[in-house]
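Undergrad: Protein chains in written order, with the working numbering: chain A, 73 to 218; chain B, 73 to 218.
You may find that some hints are simply not true.
Same chains, same label: a pair holds when it works inside one copy or across any pair of copies.
[Claimed, not checked] Under the rule of at most 20 Å between Cα atoms (straight-line distance), these lysine to aspartate or glutamate pairs were calculated in the DMTMM-like manner:
#	residue 1	residue 2
1	K210	D181
2	K200	D182
3	K184	E196
4	K210	E173
5	K76	D156
Simulated from the structure, these hints should not be mistaken for lab results.
For clarity, every value in this text was computed on a predicted model and none was experimentally measured.
The lines below spell out each chain.
2 protein chains.
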Amino acid sequence: MFSKACEYGIRAVIYIWSKSTHGVKLGVKDICKGIDAPEFFTAKILQSLAKQDLVSSTKGPNGGFYISKEQENMRLLALVEAIDGDKLFRGCGLGLKHCSEKHPCPIHDDYKNIRENLAKLLSEKTIKELAKEVTSGKATLTTIGV
Amino acid sequence: MFSKACEYGIRAVIYIWSKSTHGVKLGVKDICKGIDAPEFFTAKILQSLAKQDLVSSTKGPNGGFYISKEQENMRLLALVEAIDGDKLFRGCGLGLKHCSEKHPCPIHDDYKNIRENLAKLLSEKTIKELAKEVTSGKATLTTIGV
DNA sequence: GAAATTAAAGACTGTTTTATCCTTTATTTT
DNA sequence: AAAATAAAGGATAAAACAGTCTTTAATTTC
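Based on the provided sequences and hints, a complete structural model is requested.
TA: What follows is the structure in structure tokens.
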């Protein structure tokens with residue numbers, strides 16, 4: 073469903089949220105340790121997100137990634153689109169180039185429905201909410217205990 | 073969502089269904105022309121499906137691919153699983169190795185819901201139904217008119 | 001039986017995704 | 001100013017995915 077990059081990206085951003093409530097910055101190493109993701113690969117994703125202004129970053133000692141005031145209400149949908157683009161939400165389920173209401177593929181309506189449910193879910197969820205689930209212990213971002 | 077191989081495979085099987093109601097066999101070339109898919113690549117997919125007994129085939133003149141009596145009630149789910157495996161239906165939305173009810177990722181429940189809807193859709197749809205939509209002109213498998 | 005036809009099988013190429021490493025740049029601390 | 005730190009950026013490598021081509025095997029037609 074989501075690409076690896078997107079999975080790491082989502083986990084990373086939720087992690088940053090869950091740890092840096094009061095302006096504390098987190099380094100890539102910390103983050104990747106916390107979410108059990110490959111360091112340099114995840115760094116690239118975060119850099120891309122920073123470029124797109126979905127997260128903030130500063131270099132130098134005590135620098136790292138953090139979430140600014142303006143980024144506080146980020147939705148999951150924005151994150152997914154920033155990393156994976158909109159291919160998950162646009163385009164035909166069977167790969168037809170010109171699938172439309174008028175010339176639908178055989179699963180057009182059902183697929184559309186699934187997709188809209190997914191888009192709805194992603195657009196409703198804020199990172200803040202998700203982070204809260206982690207800090208409260210209800211959810212986790214890494215393999216624990218087993 | 074689905075891989076290219078899966079898209080071509082689904083289209084191919086629906087096409088076979090829609091054209092070979094009375095035991096007529098269709099060659100790969102015909103099929104690929106009919107669904108606007110790359111020939112050799114799609115051939116591989118059909119061969120794999122034949123090996124897995126989801127479609128039937130015979131070699132030689134007037135040979136080709138067809139659907140046997142036993143394959144008549146094939147569900148879309150079986151097709152997708154045969155080509156893409158179950159990765160779409162199993163595994164965590166955020167890629168966690170040990171995500172479970174007990175140790176869920178932050179989107180566990182919602183993702184599970186989406187996934188179950190998808191699985192339900194795919195397990196309910198028969199290829200026969202989908203083919204009927206094509207033969208009746210309600211749906212299409214290729215780019216038309218534009 | 002020989003020729004023609006068609007799927008099956010395997011080798012090969014190209015692209016995208018995933019991942020790692022190394023260098024550069026910006027920032028802070030001393 | 002120098003040293004240390006951390007993100008940014010570039011280069012490379014491995015794996016998965018997508019697609020093509022060639023040869024082989026089975027079947028039918030003649």
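Undergrad: Look at each hint and say if it fits the structure.
TA: Structure-based check of all given hints:
1. K210 / D181: Answer is between; shortest inter-copy Cα gap is 12 Å, intra-copy 35 Å.
2. K200 / D182: Between. Shortest inter-copy distance 16 Å satisfies the 20 Å Cα cut-off; intra-copy 31 Å does not.
3. K184 / E196: Classified as both: same-chain Cα gap 18 Å, cross-chain 16 Å, threshold 20 Å.
4. K210 / E173: between (42 Å within a copy, 10 Å between copies)
5. K76 / D156: both (10 Å within a copy, 17 Å between copies)
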